[in-house]
Amino acid sequence: MAADGEGPGTVTGLELCNLRKSFTDGPVLDDISLTVGPSEIVSLIGPSGSGKSTILGLLTGSIPVESGRVLFNGESVTGRVRPFAYMPQRDALLPWRRAIDNAAIGLEVAGTPRREARARADELFEPFGLAGTQQRYPRQLSGGMRQRVSLLRAVVQGKPLLLLDEPFGALDAITRDDLQTWLLRIWPLHRWSILLITHDIREAVRLSDRVHVLSARPGRLIGEVRVSRDIPRDERFRTDPRTPRLEARLHEMLRAGHRP
Amino acid sequence: MSRAPRHLREAFTTVLPPVLALAVLLAVWQTVASAGVVGAGILPAPSRIVEQGVDQGDVLLRHTLPTLTATSLGFCLSIAVAFVVAITLDFSRVLHSAVLPLLIIGQTLPLIALAPLVVLWFGFGLLPKVLLVAFVTFFPMVVGLLRGFTSTDPEAEHLLRSMGAGRRRVFTLLRLPSAMPSFFSSLRISITYAVVGAVFAEYAGAVAGLGVYMQSAKNIFRTDLVLAAVTVSSALTLVLYLLVVVVERVALPWLQTERDPVP
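Chains as they are written, first to last, in numbering that gives the first Met the number 0: chain A, 0 to 259; chain B, 0 to 262.
Chain B on its own, in the form it takes in the complex:
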């Protein structure tokens, strides 16, 4: 009965401090900007960013949709490929030792150099964005899955084997579900890279998208509109992050019981 209030209280105490910190930051920014210490072209006041952003709302929305599409598709592609790769590597020790170093090397490639290349290879359409998003989010997911597989309780594996379970059965009944908490934490990490990846690809060349919008706003020295687009892309990341958290809560209800031991 005291459950709902307690959850509310918990939510309140987690949300309140960062909201307050943000408010303080914005207040300082607003004061500095309106005092005229720096020009509005260099550092526009938050109020101006919001005002101009709202004014340009329909244009911003038109540029947000391609970014959102690229992000979602890239993320889904990344999840699918990560599962296939991680499961394959889990079943073959040889492949595991052969491929994992390559994945790590792949992670060292600078995004800034890669973005123009994918545009060069795949054009100005949706594909290069999707690929770049998939590329930046893929590695943490594979590592999360692989680490999750190895976190499997060896005693539970012994138990299932004693019941006559073969390797595939052990995998589906034990290793895969064991990996889910680790997979979801890597999902939460990689979703924060996803929007950035899409914006980067658009920066390198696109017809529409938040990256394109930022670039053209920058070219006409509209710092306020650049920052408005930045705000939108941050908001997009936050929403996607929350979505991942919600999916995790629904998909792994047992994980919640850990924090809430008495039923």
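In isolation and in its complexed conformation, chain A is listed as follows:
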């Protein structure tokens, strides 16, 4: 966490410094600076069109950086191979690949031999609650299962930071709740660093250590809320007295940022 006085490049993990981005129809992102430390879950929450996905595009390299810097462990992130594993909004599973081959594709692209890639992905099917679905095609999987395969595909790449773009946005409320619970349960085993994009206040609070609020376009960071790890994230989360206060604060910030 870059406190004032610390220069850029001294942070372990991800550091975004003064990112700005404009498209032909005007500015999208204005002076974005944030960090994600090791084993930290940081959320970015904001209205539609606030540039949440643009930030991820800048990180994955699909959108060129215009001004500002993307650093990881103090080093500038450039080029094709990056220390991030990306999980897209919709699952983007390839319909012609079986679940196991979808899960292994990241390793394949990175040059791992197909058999080894499959074996490594296969190990995660059981803990991801996907045992026995390896040979199914994506169309034969439920929405929740597809999302798990998609997360597995990101995780198995072994990258130091996960970029999750509204990972549970397309799911129904119950399935979303189940997947959040499941993610929180397996997280301590892996302690992934995560940058989570969402528009769901409750999801952001429940899953994160810190939540950043993005204003309407052009997106600026207009506030940050810390969520103590003392707050239980399981079933007791909803009834914890601190939860509604955090959610209310985020709600206010989002409202304030929505006004032009």
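Hints were generated in silico from the structure; no laboratory data involved.
One or more of the hints may lead you astray.
Between beta-carbon pairs, the in silico distance windows are [what the hints assert, rightly or not]:
1. A/Ala169 with B/Pro17: 37 to 45 Å
2. A/Gly128 with B/Leu19: 49 to 57 Å
3. B/Val246 with A/Asp239: 53 to 61 Å
4. A/Trp186 with B/Val245: 47 to 55 Å
5. A/Arg113 with B/Gln255: 19 to 27 Å
6. A/Thr11 with B/Thr171: 34 to 42 Å
7. A/Asp239 with B/Arg5: 47 to 55 Å
8. B/Arg5 with A/Gly128: 29 to 37 Å
9. B/His6 with A/Arg244: 58 to 66 Å
Everything numeric in this text was worked out from a predicted model, so none of it was measured.
All C-beta atoms in this analysis are idealised placements derived from N, C-alpha and C, irrespective of residue type, glycine included.
Position chain B against the provided structure of chain A, taking the given hints into account.
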């Protein structure tokens, strides 16, 4: 367990109506022809067409083989060239915008004028037939492939790029397989033109083939034999079409699961 019967039932309900319609059509035709309303030289009865066709079976077969050869070779050539052209166009936006209009213009050329020309240029052998078949089947295939490439999910492309995949990797892992359903539907369309293309080329000049047979039967006013040859060429198209469907089912097993969601 109820799978096989259900598939059978489905096959039955798709096949039965057209078979019935064909039977009705043939029955009406047979009745009209045998009532003597029109002469047998103008409209021979289906029974006569079959009878005479079977009688001439070995001759018909001898003329079917060159047509089949020309069709298959032309179709294979067309597939190969379509892949090369479509992939090249997919990699170069400049070529794409330069060449696609030419392909469309090529599609407007009348086959009836082109057939004698290829014979003029390439003689009476196999080559002009193969070229003409390739020519008539090529365009739908290129368009099918190009449309398939552009149907690629941009989010999947973003994902592969985030994994460090370069352009070629994205193409082989994503764009090419994405194009396969569209390619196979264009394959099914173009195979129906293929036999017609071969017959046309033979009509314009050949030593053997269904086109030649039709022409000589017509010249001696044997309408029944012309129609027998027409029947053979239709059957040939149907068989090739079914072959394409079978290949598609084997090559794209995942597409079947769409219609059959529970494993």
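Taking the hints in turn, this is what the structure says about them:
The hint said 37 to 45 Å for the Cβ distance between A/Ala169 and B/Pro17, and at roughly 41 Å that hint holds. At about 51 Å, the CB distance of A/Gly128 to B/Leu19 agrees with the hint of 49 to 57 Å. For B/Val246 and A/Asp239, the Cβ-Cβ distance of about 60 Å falls inside the hinted range of 53 to 61 Å, so the restraint holds. For the hinted restraint 47 to 55 Å between A/Trp186 and B/Val245, the CB-CB distance of approximately 48 Å keeps it satisfied.
For A/Arg113 and B/Gln255, the hinted distance range of 19 to 27 Å is satisfied, since their beta carbons lie about 24 Å from each other. In this structure, A/Thr11 and B/Thr171 meet the distance hint of 34 to 42 Å, their C-beta atoms being roughly 37 Å apart. Here the CB-CB span from A/Asp239 to B/Arg5 is close to 52 Å, well matched to the stated 47 to 55 Å. At roughly 31 Å, the beta-carbon separation of B/Arg5 and A/Gly128 lies within the given 29 to 37 Å, and the hint holds.
Checking the proposed 58 to 66 Å range against B/His6 and A/Arg244 shows it holds: the Cβ atoms sit about 59 Å from each other.
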